[in-house]
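Chains A and B are the protein sequences, given in the same order. FYI, the numbering for the first sequence is 0 to 378, going by numbering that gives the first Met the number 0. FYI, the numbering for the second sequence is 0 to 147, going by numbering that gives the first Met the number 0.
What the hints contain is simulated information worked out from the structure, not anything from laboratory work. Just so you know, these numbers come straight off a predicted model, no measurement behind them. Built from N, CA and C at the ideal position, the CB exists for glycine as well. Take these hints with a grain of salt, some might be off.
Capping the alpha-carbon separation at 30 Å, the derived lysine-lysine pairs in DSSO-like fashion look like this [to be verified]:
#: 1; chain 1: A; residue 1: K46; chain 2: B; residue 2: K64
#: 2; chain 1: A; residue 1: K46; chain 2: B; residue 2: K127
#: 3; chain 1: A; residue 1: K323; chain 2: B; residue 2: K132
#: 4; chain 1: B; residue 1: K127; chain 2: A; residue 2: K65
#: 5; chain 1: B; residue 1: K126; chain 2: A; residue 2: K122
#: 6; chain 1: A; residue 1: K23; chain 2: A; residue 2: K114
Per the computed footprint, the stretches of chain A lying under chain B, defined by three or more beta-carbons under 8 Å from a beta-carbon of chain B, are [stated by the list, open to error]:
#: 7; stretch: 34-40
#: 8; stretch: 49-55
#: 9; stretch: 63-77
#: 10; stretch: 185-197
#: 11; stretch: 325-333
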Amino acid sequence: MAVPVSQAWTVATYVLKQKLKGRKRYPLVLMLEPLFRCNLACAGCGKIQYPAHILKSELTPEECFKAVEECGTPMVSIPGGEPLLHPQMPEIVAGLVARKKYVYMCTNALLLKEKLHLFKPSKYLSFSVHVDGEKEHHDFSVCREGGHDIAMEGIRAAVAAGFRVTTNTTLFDGADPNSVRRHFDQLMAAGVESMMVSPGYTYDKAPDQNHFLGKAKSRRLFRAILSNRKKSWEFNTHPLFAEFLMGKQNFECTPWGMPTFSIFGWQKPCYLLQDGYADSFQELMETTNWENYGAKSGNPQCANCMVHSGHEASAVDYNFGSLKGFIETAKRYMFPSTYPDAEAEKLLNEWKPAHAMPLVQIQGANGTTNDQLQPVSGD
Amino acid sequence: MATEQQEHLKIEQLRVHSADELETIAGREKENLEGWIPTLATDAEIREALEKAFDYRGDVTITRKDGSKVEGYLFDRRSGATLADSFVRIIPVADKTKVNVVYADIAAIAFTGRDTAAGKTFEAWVKKYWEKKAAGEKNIQIEPEKLD
């Protein structure tokens, strides 16, 4: 089991309660964004492009607790920005833990080691460290040389101090599945509890507008990565969501599954798209035109999205929505598969990047070191 | 959310291909709105300008018909049936209070702040990386903006 039994039980009973109440739309994880400023400036990020006075603003602990209580989810994810830049983050996390919320504090870990003493290990708290791949891949992805080493140091320090540590890997066009698999080995060896992996979203404010994965390539990439998987790998994604990424399941988006609250209010409709804000969670649920979102809606902004925030909630809902879904999921947990797939093995062995972008070239598929590599222009 | 005009690359791609078959999705065509002062002669022009202001990642300055001004980040808009029913929501530069301005009260809008989403492409980062690497530099990175 990739999460503590108490957490799995809490989530299962929460979802069942929603079902018994007949709630058609219920949230699963609150994405709490207490600030937008960050100590990285990643090219694939669409979250930090704001004027300085907005980047200096932050939610107070009281505003965070109010949002958590309004929303009522058993799990709270704290992305940003970089949450460790918020001076009251230890107070916010302690307040959520006291409310028995399972907290995933998302961090690039640049400050994790030095701030670790401000937090207390708890089954309710996990540091979800963003690591986008092996050293060169991560450093290129976050546009900072040396970022990977600092993040891994933070992970090891947190594990050693007795914290739950999970990871989050976002993949863009040009990702090398062989490298991602080595990356998983490294993370598990570092002692992380479990890993999450997802394709990047096409943020239209991201500086990089040319390396977002389409659905066909996403499925091929994730089939290569997640088939023939090692038994030592632990994932904290729903098994059916992982199958969705591999092209073995088909889920529509559940845009209300992971609602987002920030200094602007409740974001319509989801963590990824900004189409306005509501002042209360109830207003968000009642005034958002949900039928305008998701691939089925024809909205071009949703066309190639396969991100966990919209689709993992669909997997969970399917899990609890029918006996068939429940049995399917139970089987995945009781008899976890390594997804043997000869075609995927072949895909891995023959993998060549479709675009000769430096992110791939710098990695050195033929075993060369970073210093020996030369840039190769794109096609 | 970008307007249809701004999203046309992706829309064109989706007209020809199924999203399920796409290898790489088209990026967004960026408009250069910094410094823009739109004409607000018709209701349609007012609505379009405010939609673009909502999409813009810099501050704007709105002049009301009574001559008063508000400068800040326009983070939301609520579009009603008439201009009197519609309003924008702004966080002013020097104040954290959210301010509502009704469309019908707006005399002018100017995109006065720097577009924080402009520039800094991945290609520019890669080029800069290799130049610095060749020059023997270490710890190469894109620094986040200084806030003070």
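For a C-alpha distance cap of 30 Å, please report whether K126 of chain B and K122 of chain A respect it.
violated, 44 Å
Are 3 or more residues of the stretch 49-55 of chain A near chain B, judged by a Cβ distance of less than 8 Å?
n = 7 at 8 Å, threshold three: holds.
Three-residue Cβ test at 8 Å for the coverage of the stretch 325-333 of chain A by chain B:
violated (count 0)
Please check whether the stretch 34-40 of chain A has three or more residues whose CB lies within less than 8 Å of a CB on chain B.
Since three or more residues must qualify, the claim that chain B covers the stretch 34-40 of chain A holds, with 5 doing so at under 8 Å.
Measure nothing beyond the straight line between the CA atoms of K127 of chain B and K65 of chain A; if it is 30 Å or shorter, mark the hint as holding.
At roughly 44 Å apart (the allowed maximum being 30 Å), K65 of chain A and K127 of chain B break the hint.
Whether chain B covers the stretch 185-197 of chain A (at least 3 residues having a Cβ closer than 8 Å to its Cβ atoms):
With 0 residues close enough to chain B, the hint is violated.
Mind checking the alpha carbons of K46 of chain A and K127 of chain B for me, to see if they're no more than 30 Å apart?
holds, 23 Å
Taking only the CA atoms, is the gap from K323 of chain A to K132 of chain B under or equal to 30 Å?
violated, 56 Å
Against the 30 Å threshold, does the CA-CA distance of K23 of chain A and K114 of chain A hold or violate the hint?
violated, 41 Å
So is the stretch 63-77 of chain A in contact with chain B by the C-beta rule, three or more residues under 8 Å, or is the coverage claim wrong?
violated (count 0)
Next pair to validate is K46 of chain A with K64 of chain B; report whether the Cα-Cα distance is within 30 Å.
Between K46 of chain A and K64 of chain B the Cα gap is close to 34 Å, so the pair fails against 30 Å, i.e. violated.
This entry does not satisfy hints 1, 3, 4, 5, 6, 9, 10 and 11, going by the numbered hints stated previously.
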